[in-house]
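Protein chains in written order, with the numbering used here: chain A, 448 to 732; chain B, 448 to 732; chain C, 448 to 732; chain D, 448 to 732.
Any given hint could be a false lead.
Heads up, the list lumps identical chains together, so a pair's fine if it works in one copy or across two of them.
[Stated by the list, open to error] Straight-line alpha carbon distances no greater than 27 Å define the calculated DSS-like cross-link-like pairs of lysine-lysine that follow:
{"id": "1", "residue 1": "Lys-455", "residue 2": "Lys-492"}
{"id": "2", "residue 1": "Lys-455", "residue 2": "Lys-594"}
{"id": "3", "residue 1": "Lys-467", "residue 2": "Lys-543"}
{"id": "4", "residue 1": "Lys-467", "residue 2": "Lys-601"}
{"id": "5", "residue 1": "Lys-491", "residue 2": "Lys-455"}
{"id": "6", "residue 1": "Lys-594", "residue 2": "Lys-525"}
{"id": "7", "residue 1": "Lys-594", "residue 2": "Lys-534"}
{"id": "8", "residue 1": "Lys-534", "residue 2": "Lys-492"}
{"id": "9", "residue 1": "Lys-467", "residue 2": "Lys-525"}
{"id": "10", "residue 1": "Lys-594", "residue 2": "Lys-512"}
If you are wondering where the hints come from, they were derived from the structure by calculation, not from laboratory data.
This is what each chain is made of:
Protein chains: 4
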Amino acid sequence: MRSGLILKLSSPDQPGIVAKIASYVATYNGNLIEFSQFSDQIGKKFFARLEIDTTELNVDVEVFKTNFTPLAHSLDAKWHFRILPYKMRTAVLVTKTDHCLNEIIWRSELSELPIEITSVIGNRNNCRAIAERSDLPFHLIEMDGGKRESGFEKIRELLIAQDVELIVLARFMQILPADFCDEFSGKIINIHHSFLPAFIGANPYRQAYDRGVKLIGATCHYVTNDLDAGPIIEQEVERVHHFHSPADLSRLGRQCERIALAKGIRYHVHDRTLIDGNRAIVFPD
Amino acid sequence: MRSGLILKLSSPDQPGIVAKIASYVATYNGNLIEFSQFSDQIGKKFFARLEIDTTELNVDVEVFKTNFTPLAHSLDAKWHFRILPYKMRTAVLVTKTDHCLNEIIWRSELSELPIEITSVIGNRNNCRAIAERSDLPFHLIEMDGGKRESGFEKIRELLIAQDVELIVLARFMQILPADFCDEFSGKIINIHHSFLPAFIGANPYRQAYDRGVKLIGATCHYVTNDLDAGPIIEQEVERVHHFHSPADLSRLGRQCERIALAKGIRYHVHDRTLIDGNRAIVFPD
Amino acid sequence: MRSGLILKLSSPDQPGIVAKIASYVATYNGNLIEFSQFSDQIGKKFFARLEIDTTELNVDVEVFKTNFTPLAHSLDAKWHFRILPYKMRTAVLVTKTDHCLNEIIWRSELSELPIEITSVIGNRNNCRAIAERSDLPFHLIEMDGGKRESGFEKIRELLIAQDVELIVLARFMQILPADFCDEFSGKIINIHHSFLPAFIGANPYRQAYDRGVKLIGATCHYVTNDLDAGPIIEQEVERVHHFHSPADLSRLGRQCERIALAKGIRYHVHDRTLIDGNRAIVFPD
Amino acid sequence: MRSGLILKLSSPDQPGIVAKIASYVATYNGNLIEFSQFSDQIGKKFFARLEIDTTELNVDVEVFKTNFTPLAHSLDAKWHFRILPYKMRTAVLVTKTDHCLNEIIWRSELSELPIEITSVIGNRNNCRAIAERSDLPFHLIEMDGGKRESGFEKIRELLIAQDVELIVLARFMQILPADFCDEFSGKIINIHHSFLPAFIGANPYRQAYDRGVKLIGATCHYVTNDLDAGPIIEQEVERVHHFHSPADLSRLGRQCERIALAKGIRYHVHDRTLIDGNRAIVFPD
């Protein structure tokens with residue numbers, strides 16, 4: 448990952464907005480590596496992601512960030528700066544299956560995902576080995592037998608203590624409490640093993656088999672209070688045939704899940720996503 | 448299309464069934480070009496499609512067909528023979544949009560679809576020109592203002608008078624009466640402009656936009672009384688992005704609709720489909 | 448297609464370029480609908496496509512275009528303005544097969560492609576009927592028996608007389624003369640029925656069959672003197688199996704050809720392509 | 448994996464062959480779970496893969512296998528039986544990059560690939576850690592500085608000593624000696640990081656970048672003496688854009704490589720492939 452600065456911004460759409468932002472960068476001698484933007488003609492909003500080479504910046508980068516505030520306010524914008532290179536502190540929540548966890552670990556080891564996995568948290572012990580062989584701390588937090596509420600409170604404390612910025616539900620088979628969703632809004636990414644909005648809820652591969660679909664899929668999305676209904680970041684599909692059993696669909700779908708989740712996380716940690724109500728703006732790389 | 452004979456068969460699964468059928472063919476000196484089959488380990492059923500070269504057959508093809516009856520009964524089978532080459536008598540029902548109709552006409556002109564279009568039936572006049580420039584009879588049958596019931600009765604009479612075997616709903620924007628669905632069960636193919644079971648009902652591209660999906664699709668399926676819920680023959684998808692408006696989705700989706708419908712019809716008229724409850728066995732070519 | 452103005456521009460990359468261009472637009476009260484851009488970090492070049500809503504422009508659009516010249520020169524840019532709505536004058540060259548021609552006609556009738564087909568030119572008569580049934584003039588220009596050179600001269604004269612801006616080779620089975628390629632450089636789009644650079648030259652589906660590939664494809668590209676080697680605009684693939692004969696590959700590939708060609712033409716006539724040596728920058732919609 | 452028996456067979460095509468084989472199975476009370484077959488109308492050959500439930504077999508399975516010989520000879524067939532469940536003894540050859548190795552290990556741990564990895568062999572030490580953390584023996588066999596010939600001799604001895612049945616080149620960056628290819632003919636599977644036959648040889652992602660393709664791919668194939676030209680088992684593609692650098696293509700392509708290789712190995716170890724000259728018959732699951 449290059450050094451530099453990323454600016455994410457959303458605001459009401461208005462003439463001259465690109466000129467104002469680009470001129471601000473130019474004034475301080477920043478060099479635009481990328482200026483992805485979207486003028487939403489339906490919602491009348493503006494979304495942008497800038498990547499700025501700060502090598503020749505004529506002020507300190509903190510001054511550059513601070514001085515942007517008046518312009519941002521005049522645009523009625525929400526904005527966020529990130530100094531590169533950066534590794535996002537990430538917790539991975541799991542239950543039994545480990546393929547999504549394995550994918551995340553592998554891609555972070557390979558530097559495809561600039562994350563630092565602060566902990567792997569499971570309500571079962573199944574994924575302990577795969578976490579620990581990569582020297583990642585594994586926390587068993589039980590949820591059964593009336594321990595659900597206290598379990599989520601423990602998770603919450605751990606996330607806060609570790610200053611976690613991203614929570615990945617890597618086939619975590621528990622529905623999150625509403626206040627948990629609210630507290631970490633925009634910071635929780637889930638992988639659902641169907642092509643949403645088809646097959647919401649439990650056992651989507653069985654549902655897909657029963658419906659006789661010819662393509663199965665997986666959906667990576669931000670988590671909201673509304674089950675499986677948050678903003679979609681990425682979706683993948685795989686062709687299937689009449690001879691595939693529910694177990695076959697599950698096997699074939701694992702690949703979709705791994706790819707959709709890995710891409711979704713990458714877009715998020717590279718600040719390539721902006722949430723707009725129930726939709727996600729994604730500038731892919 | 449080659450000359451020869453196609454046999455479609457479904458039955459309870461049982462040991463020795465392939466041997467019995469293949470031996471029957473061999474006894475009469477038929478040559479198997481293709482013997483696609485599926486032993487459903489879950490439903491305990493057997494499905495097969497045989498294509499037989501009858502050049503060296505040692506009896507008349509009608510004798511071959513008739514003599515098969517005792518074996519079929521002993522297998523408790525449902526079966527169907529078709530003598531090739533064959534053109535299936537087909538009616539196409541349309542409303543306003545013409546891209547699916549155009550695709551069907553073009554593929555039949557090119558011999559990709561072995562069908563004879565007996566008539567194009569519209570509840571609007573929009574598709575008249577495209578039908579008539581290919582010398583296909585166009586029938587306007589009005590449905591509005593209380594004419595729906597009589598309209599479907601007129602369609603029914605036309606289909607029977609023309610001895611139609613296949614009814615294609617090529618973006619026909621009327622829900623079929625239940626008794627109509629029953630009368631032509633297994634003979635009506637629809638194209639729905641979403642990736643079913645997502646976005647059942649009206650305006651699926653608008654629904655897809657509102658949900659913020661990253662892939663849109665189209666589904667070709669047999670029509671049953673249950674809206675958009677019949678056995679799926681084929682599905683296609685296309686990747687979309689945040690910058691696509693509902694009109695863009697509609698434009699991009701047309702391509703999916705055309706491909707899924709054309710493939711679905713092809714599989715049906717080549718006897719490559721078998722219906723099993725709400726699922727379709729499809730042996731693609 | 449909206450009214451407004453499109454600006455295509457390429458130049459050496461340099462800091463401040465986005466600010467300068469966007470500020471120019473803002474000065475004259477133009478509203479940016481889209482500002483797609485690419486800062487090529489390898490080639491050190493800058494590519495952009497702007498779509499400008501000119502409703503509130505505070506000068507005449509011709510003044511706006513003219514006054515841009517000094518800025519463009521200072522950037523050492525190549526640039527091009529297009530006033531919308533616009534229909535590009537297009538000639539389609541064909542030989543025997545008609546599926547690509549049919550696709551282009553159909554998409555232009557449906558307003559998916561903003562083109563005006565000035566003529567269909569064939570070195571065979573096979574496509575005459577499909578052109579004429581849509582009231583398009585068909586010109587038979589023979590190429591066999593020593594008539595190739597004079598044939599291309601006739602085509603050249605026709606293109607110039609009709610002020611043609613885009614020449615589409617829709618399965619035109621003749622290699623263009625070098626001077627013809629040069630004269631219409633950047634204005635000729637071809638569809639090659641393979642996944643280039645695999646299977647250059649004649650009979651690619653037979654080559655694909657012999658090689659036993661598991662995916663076939665089609666490539667839409669600008670034509671240069673170097674056979675099948677010009678800048679690629681779009682590619683499509685389709686999965687195939689061992690049981691597909693060369694004729695099957697040809698049938699399945701037609702779909703890839705139609706889609707890749709239609710998309711490639713759309714990108715070109717919407718000014719969404721910029722040629723950079725042997726590569727094409729494409730901002731898809 | 449179920450218990451039972453797999454029969455792979457290829458022979459000249461001839462009438463009655465399915466009947467003879469299926470009748471043989473029925474005679475001994477075997478139950479056909481799957482009878483995939485292909486009558487090649489061009490090459491006049493027959494290919495089949497049978498999966499037989501042997502629970503009710505009325506003879507010992509070894510008798511069943513032995514007694515098949517006269518029939519096989521009468522058909523002039525090549526054939527192979529495999530008793531299930533089965534784990535294929537597999538060596539993985541690597542150099543520097545580890546993503547393909549990781550994929551194979553992960554899928555075998557998850558029982559998606561019924562293989563026993565007897566050893567990981569590298570001509571660099573880069574992949575040692577990833578092998579050893581899964582308790583797989585890693586062998587460093589140096590190839591540089593004149594040690595290539597002796598290196599391959601060491602590998603050969605190791606493969607024979609360990610009774611290896613499958614050799615996977617998981618991004619192994621050495622060209623195999625001709626006699627090595629011959630000795631293990633049909634038992635070596637390679638992943639090439641391009642969409643063959645495009646970009647044969649070194650650095651295919653750089654070649655793809657230079658050519659400006661819009662889709663990149665990976666090809667899993669059997670290894671022959673002819674570099675990157677053996678029978679293709681599986682291919683995968685991924686869409687790319689002008690803004691992707693060669694490094695991006697390499698990143699995106701890793702996913703194609705992992706999927707194509709994993710699928711190719713799965714088809715091979717499930718006996719779903721038959722080699723026919725330079726083409727591979729593949730009955731996918």
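Hints, one by one, checked against the model:
1. Lys-455 - Lys-492: both (14 Å within a copy, 24 Å between copies)
2. Lys-455 - Lys-594: Result: close neither inside a copy nor across copies, 39 Å intra and 54 Å inter.
3. Lys-467 - Lys-543: neither (50 Å within a copy, 46 Å between copies)
4. Lys-467 - Lys-601: Close neither inside one copy (46 Å) nor across copies (53 Å); limit 27 Å.
5. Lys-491 - Lys-455: both (18 Å within a copy, 24 Å between copies)
6. Lys-594 - Lys-525: neither (39 Å within a copy, 55 Å between copies)
7. Lys-594 - Lys-534: Result: close neither inside a copy nor across copies, 33 Å intra and 42 Å inter.
8. Lys-534 - Lys-492: neither (30 Å within a copy, 30 Å between copies)
9. Lys-467 - Lys-525: So Lys-467 and Lys-525 pass the 27 Å test inside a copy (15 Å) and across (24 Å) alike.
10. Lys-594 - Lys-512: neither (45 Å within a copy, 57 Å between copies)
Going down the numbered hints, you'll see the structure goes against 2, 3, 4, 6, 7, 8, 10, while the others check out.
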